[in-house]
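I would like the entire structure built from these sequences, with the hints used as guidance.
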Amino acid sequence: MATIQWRPEINPLTTPQSYRIRFAPRNAAGIEDIAADIARQHPNFSKADILTILRAEDEAVQARLLNGEQVTKEGSFSWYLSFTGRLESPDEPLPPLDDCLQVNVRVSPPFLAAIRQNAQTERLPMEKKLPLISTAKDTLLELKDVLNPAGALQLNGADLYFDRTQDGSECVIEGTQSGKIVQKRFIKIEASEIILMPELPAQAHPWNNEHTISVTTRYTEHGTLRTGAYERMLRSPLTLTNMGHPHPPETGILTGSAASAYVSVTGGSVSADETLRIQVILDLRADALLFSLLDMKEGGRAGAAMTVTANGELTLQGFADSAVSSLTVRVNNYAGLKEMIRNDYGGRLVDVLDVRTA
Numbered sequence: 003m004a005t006i007q008w009r010p011e012i013n014p015l016t017t018p019q020s021y022r023i024r025f026a027p028r029n030a031a032g033i034e035d036i037a038a039d040i041a042r043q044h045p046n047f048s049k050a051d052i053l054t055i056l057r058a059e060d061e062a063v064q065a066r067l068l069n070g071e072q073v074t075k076e077g078s079f080s081w082y083l084s085f086t087g088r089l090e091s092p093d094e095p096l097p098p099l100d101d102c103l104q105v106n107v108r109v110s111p112p113f114l115a116a117i118r119q120n121a122q123t124e125r126l127p128m129e130k131k132l133p134l135i136s137t138a139k140d141t142l143l144e145l146k147d148v149l150n151p152a153g154a155l156q157l158n159g160a161d162l163y164f165d166r167t168q169d170g171s172e173c174v175i176e177g178t179q180s181g182k183i184v185q186k187r188f189i190k191i192e193a194s195e196i197i198l199m200p201e202l203p204a205q206a207h208p209w210n211n212e213h214t215i216s217v218t219t220r221y222t223e224h225g226t227l228r229t230g231a232y233e234r235m236l237r238s239p240l241t242l243t244n245m246g247h248p249h250p251p252e253t254g255i256l257t258g259s260a261a262s263a264y265v266s267v268t269g270g271s272v273s274a275d276e277t278l279r280i281q282v283i284l285d286l287r288a289d290a291l292l293f294s295l296l297d298m299k300e301g302g303r304a305g306a307a308m309t310v311t312a313n314g315e316l317t318l319q320g321f322a323d324s325a326v327s328s329l330t331v332r333v334n335n336y337a338g339l340k341e342m343i344r345n346d347y348g349g350r351l352v353d354v355l356d357v358r359t360a
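Reading the sequence shown from the start, the letters are residues 3 to 360 in this note's numbering.
Source of the hints: derived by calculation from the structure; they are not laboratory data. Hints may contain errors.
[What the hints assert, rightly or not] Calculated cross-link-like contacts (lysine to aspartate or glutamate; reagent style DMTMM-like; alpha-carbon spacing at most 20 Å):
id	residue 1	residue 2
1	K299	E315
2	K75	D60
3	K146	D169
4	K49	D60
5	K146	E201
6	K139	E192
7	K139	E195
8	K190	E201
9	K190	E124
10	K49	E71
11	K146	D297
12	K340	E315
13	K139	D356
14	K340	D356
15	K190	D165
16	K146	E34
17	K131	E172
18	K75	E61
19	K139	E315
20	K182	E233
[Claimed, not checked] Restraint ranges, calculated between C-beta atoms of paired labels, are given here:
id	residue 1	residue 2	range
21	S327	G70	40 to 50 Å
22	A312	E192	31 to 41 Å
23	Q43	E252	45 to 55 Å
24	S194	P95	34 to 44 Å
Idealized CB from N, CA, C, for every residue including glycine.
The following block contains the structure:
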């Protein structure tokens, strides 16, 4: 039996230093591969017939879900529907289904138990020469982990140099919801530093402002391609328009790849255009999220923190000398936001907000 390969990786989000257990996939299998595997085990069925059955299963599950049912395949998976979003009154109609209807898949305990019981693991060496991006900073705003199309992005690390004329050697920015762009506008490409003017891929919704960045290179003329990805997410600034007016458009913020915004800005008291930040910290002891407004310097001015434990609306006070006296935000999906901050952001999530009065 083949082994499940893994390797230890440094977790840059913890102090003191700890290590993550990283699964190392051997391959990515698709429906054609699954059909071929079944055909080898059951030679009385052709691969074409099996492909037809596998696709028909997807159609049958979809039909049951559309009939409002939960579908359970005994011993393996369950499919069920759920809704995200919030209603202001019990009589309010549903939001557009593209924004609120979700399909969820749950693994059954027997299936997971069988995998664990039969699995054999193999530890791979920790050290492998790969491009290492240790920090990413926008040089205009002077903020880490900000992907600003109006500025330049500085990557620092080791073994980062790549030759753009070599096939496959590249730097790629990818949206976590959709889209990716091979970067073309470079100011510097060196082993310890890359500076580029970033081009951002389009994503489905304005609040999908989360991106990853990676570098792929060859260390010898005929060597294999090696890819190193930055361990943290990069977030691009979001624009709030008509703030300070009676009914500004809602703007989704503090979200990853989700089809519905976890948090929305619904209004505020604003006297002039200003760029600031909104921060959410996971307080594990209180089992709550702490929201606050910040200026554009780390360790700078901050408004009072507000404790949030459920969906709902809150008003965040601005900091000293800010043109933004307050912002009103609505938490639409507290559970999703909390899970994302804990799993993907090490307990702290920050968005840059370009607040405009027109």
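Now the hints, each set against the structure:
no.: 1; hint: K299 x E315; in the structure: violated, 27 Å
no.: 2; hint: K75 x D60; in the structure: holds, 12 Å
no.: 3; hint: K146 x D169; in the structure: violated, 30 Å
no.: 4; hint: K49 x D60; in the structure: holds, 17 Å
no.: 5; hint: K146 x E201; in the structure: holds, 17 Å
no.: 6; hint: K139 x E192; in the structure: holds, 16 Å
no.: 7; hint: K139 x E195; in the structure: holds, 11 Å
no.: 8; hint: K190 x E201; in the structure: holds, 16 Å
no.: 9; hint: K190 x E124; in the structure: violated, 39 Å
no.: 10; hint: K49 x E71; in the structure: violated, 30 Å
no.: 11; hint: K146 x D297; in the structure: holds, 14 Å
no.: 12; hint: K340 x E315; in the structure: holds, 16 Å
no.: 13; hint: K139 x D356; in the structure: holds, 18 Å
no.: 14; hint: K340 x D356; in the structure: violated, 24 Å
no.: 15; hint: K190 x D165; in the structure: holds, 12 Å
no.: 16; hint: K146 x E34; in the structure: violated, 42 Å
no.: 17; hint: K131 x E172; in the structure: holds, 17 Å
no.: 18; hint: K75 x E61; in the structure: holds, 14 Å
no.: 19; hint: K139 x E315; in the structure: violated, 32 Å
no.: 20; hint: K182 x E233; in the structure: holds, 17 Å
no.: 21; hint: S327 x G70: 40 to 50 Å; in the structure: holds, 47 Å
no.: 22; hint: A312 x E192: 31 to 41 Å; in the structure: violated, 49 Å
no.: 23; hint: Q43 x E252: 45 to 55 Å; in the structure: holds, 53 Å
no.: 24; hint: S194 x P95: 34 to 44 Å; in the structure: violated, 56 Å
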